[in-house]
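*Asks:* Two chains, two frames, some hints: make the complex.
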Amino acid sequence: MKTQTLFKTFATLTALGTAAAAYAVDFAPPLMMQANGQPISTESPGYAAPCWADVDGDGKKDLLVGQFAGGKIQVFKNTGDNKLAAGQWLQADGKTAKVPGVW
Amino acid sequence: MDLNNDGHPDILSGSYSWNERGMAGIFQVLWGQPGGGFKQPTPLQGTDGKPLIILPDDKKTPTLARICTRPTAADWDGDGHIDLVVGNFGGSFYLFKGEGKGKFAPKATKLTSGGKALEVRHHSDPFVIDWDADGDLDLLSGASGGGVHWAENTAGKGKAPTLKPFKAIIASGPKREYGAMLKEADLDGPGSDTRIWVDDINGDGKLDLLVGDSVQLVSPAKGLTEKEYHKQKAAWKVEKDKCIAILSNRKSKKAEKRAAGKKMNNLHNQRKDFEITKSTGYVWLYLQK
Chain A
1 MKTQTLFKTF ATLTALGTAA AAYAVDFAPP LMMQANGQPI STESPGYAAP
51 CWADVDGDGK KDLLVGQFAG GKIQVFKNTG DNKLAAGQWL QADGKTAKVP
101 GVW
Chain B
104 MDLNNDGHPD ILSGSYSWNE RGMAGIFQVL WGQPGGGFKQ PTPLQGTDGK
154 PLIILPDDKK TPTLARICTR PTAADWDGDG HIDLVVGNFG GSFYLFKGEG
204 KGKFAPKATK LTSGGKALEV RHHSDPFVID WDADGDLDLL SGASGGGVHW
254 AENTAGKGKA PTLKPFKAII ASGPKREYGA MLKEADLDGP GSDTRIWVDD
304 INGDGKLDLL VGDSVQLVSP AKGLTEKEYH KQKAAWKVEK DKCIAILSNR
354 KSKKAEKRAA GKKMNNLHNQ RKDFEITKST GYVWLYLQK
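Here the protein sequences line up with chains A and B, keeping their order.
Counting from 1, one number per residue, gives the positions in the first sequence under the working numbering.
Counting from 104, one number per residue, gives the positions in the second sequence under the working numbering.
The shape of chain B in the complex, shown without the other chains (with noise of 0.2 Å):
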């Protein structure tokens, strides 16, 4: 499939925001040319001619709804366009309903199960597939906890989705203390902030799981033992829980406050000279047995 049927495949993104007034993780689309490669990435509009954007009818937290937008495409209601479920930051799903050719209705709808709305705890992220080949399309999420969750729909082949709540069908990985040291070579799977995709990438018949995720490798600093990068850090952290005391205690006086606040800024460039910290992402494969 392609996004506006022109027969070049297309690549779609969510995004965390843009810099208009009012937060929102617009939808870009890298258009597929003919002969191949890719245009630069421009928002996907909607039939009014504006920028899709996730309106929530959560008066409470409509920020975290509209921005870190995370999109998959599918025709979700079975009526021959390609629609579009999207995730978002707060966790929860949204539809917007496809009117064929790259088009899609301006107002997003929120996926609910059992009247309730379906929810991640934080930063969902949709795929849209049989998971189940009883003929109807599920609910698959990677979340910010980690994990990969299914919600079944229930509805068969050719209805309205029905989805039961989610389930983890991969569970959360281990629960890391942060700064905790933690090497590439320690790792066994996915971290937190799972995104997922779902395919037979092995050709044999049975569905696969990608997992991306986020994880912060903490090594000892060039040169130190383990022992004294140990050592080191525990010195360093009397000396930081102690300015955090000072900062947090309110019968502090100002001077006080400030010559720990500018101890705090010290001890968090001394950082460096006995620990290297690696934010990044890997991608992990599940194949099923």
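Extracted from the complex, chain A is given alone in its bound form (with noise of 0.2 Å):
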């Protein structure tokens, strides 16, 4: 499953300079998200899928993870800190909310 908030707004690149045939880039050694200070992860069999958006209109990005297990949502909201809260599901009509269609 994969899911995307529909507000996302394209970032705008100011330091790339223009537009090469050999474009690349470089990337630092990958950093395994963590949110209260432990590693993000899914329910079983896995399959998580990001998304970063500002869920709850405060302004800052929040890291949301789908994953396939009953089609349900993890929110992880950014505390303004270069750190996130712990996880709690995505809610919708005052209960977690489930996207059918996954098991």
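Source of the hints: derived by calculation from the structure; they are not laboratory data.
The structure displayed is predicted, hence computed values, not measured ones.
We put the beta carbon where it would ideally sit given N, CA and C, even for glycine.
Take these hints with a grain of salt, some might be off.
What the hints assert, rightly or not - With a Cα cut of at most 27 Å, we get these calculated DSSO-like pairs of lysine-lysine:
(1) B:K286 to A:K61
(2) A:K98 to B:K381
(3) A:K77 to B:K163
(4) A:K83 to B:K204
(5) A:K77 to B:K142
(6) B:K278 to A:K98
(7) A:K77 to A:K95
Stated by the list, open to error - Across the chosen pairs, the derived CB separations fall in these ranges:
(8) B:K262 to A:G59: 46 to 56 Å
(9) B:D376 to A:F27: 39 to 49 Å
(10) A:E43 to B:H333: 22 to 32 Å
*Replies:* Dropping the structure here:
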């Protein structure tokens, strides 16, 4: 499952220069995302689907992670200090949101 | 942007398949509400009033193109309406043209590169963004085999996209033997079945990658040393291989096969005595230097 919020704004690149045929970027080694000091993970069988968007309207983008099990989505709120709060299941209509068609 | 242009952010999801006749991973929307919050998911419909379904023109693998869908929303063709670029189990990509206010044409068209279908090897996971900052929208994707892949749009701003074949901007992770011991502390990057998101995560003006994955962790059962674990697993594997040899031998007698099948079930149940397995998924952050 992949989730996506639909108010994503396309980030503006400012320092990459003009596009070239051999456009290439360099990344730092990958970091395992954590929340509240613990690795962010899904229930079995996995299939983590991340989304970075402001879901609570506080002006800071949060991390949402969709998963296969139950079609549920975890929300990790951005606490504003380069940290994420412990995950909570996304709520919809007062109960845990579950996307049908996944198990 | 929001899908139906009502001023409230929405959440869009794909799915594996519904339970109707004919498998199809329909698209679900959690509509954003005034004052915040979301409604429970409802199927996204086409302009014909029916749930949007990928109706592939590839007769050989129609089911694989319809199931395990992953949508992303963007004005792909530059006509001012939000479109959907969607992935599927088979690894291809389809475009549902937007007609405004959350309405989409029912018939999807396959994305191509150089006249051939644009594909990753299973589980296409599209994300649309101007990756190379040349003014047009590119296509990035995760894949079943892992990694992050980029199909450059060479058309230029305001023109119908022309995509190059995919090239990896993050290579697939190491191939791991199924069932081999693997602890969380051993992980140093994404595994298989990558799902991606692109944004400037650290606010330095450069696009970064969030990569979700799937991985199976395998560790010794509680109380066992690694040495004891490996010894027990090796003995277990010898017995399992004997059973497989009997079951796969056409000359084996029925009674032999029955006994081997029963023993396989017992071995399966015994596995937890020496081994703990956990299937899960993590999220990795690649910060652009």
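*Asks:* If a hint holds in the structure, say so; if it doesn't, say that too.
*Replies:* Hint-by-hint comparison with the structure:
| no. | hint | in the structure |
| --- | --- | --- |
| 1 | B:K286 to A:K61 | violated (31 Å) |
| 2 | A:K98 to B:K381 | holds (22 Å) |
| 3 | A:K77 to B:K163 | violated (44 Å) |
| 4 | A:K83 to B:K204 | violated (35 Å) |
| 5 | A:K77 to B:K142 | holds (19 Å) |
| 6 | B:K278 to A:K98 | violated (32 Å) |
| 7 | A:K77 to A:K95 | holds (18 Å) |
| 8 | B:K262 to A:G59: 46 to 56 Å | violated (35 Å) |
| 9 | B:D376 to A:F27: 39 to 49 Å | holds (42 Å) |
| 10 | A:E43 to B:H333: 22 to 32 Å | holds (29 Å) |
Going down the numbered hints, you'll see the structure goes against 1, 3, 4, 6 and 8, while the others check out.
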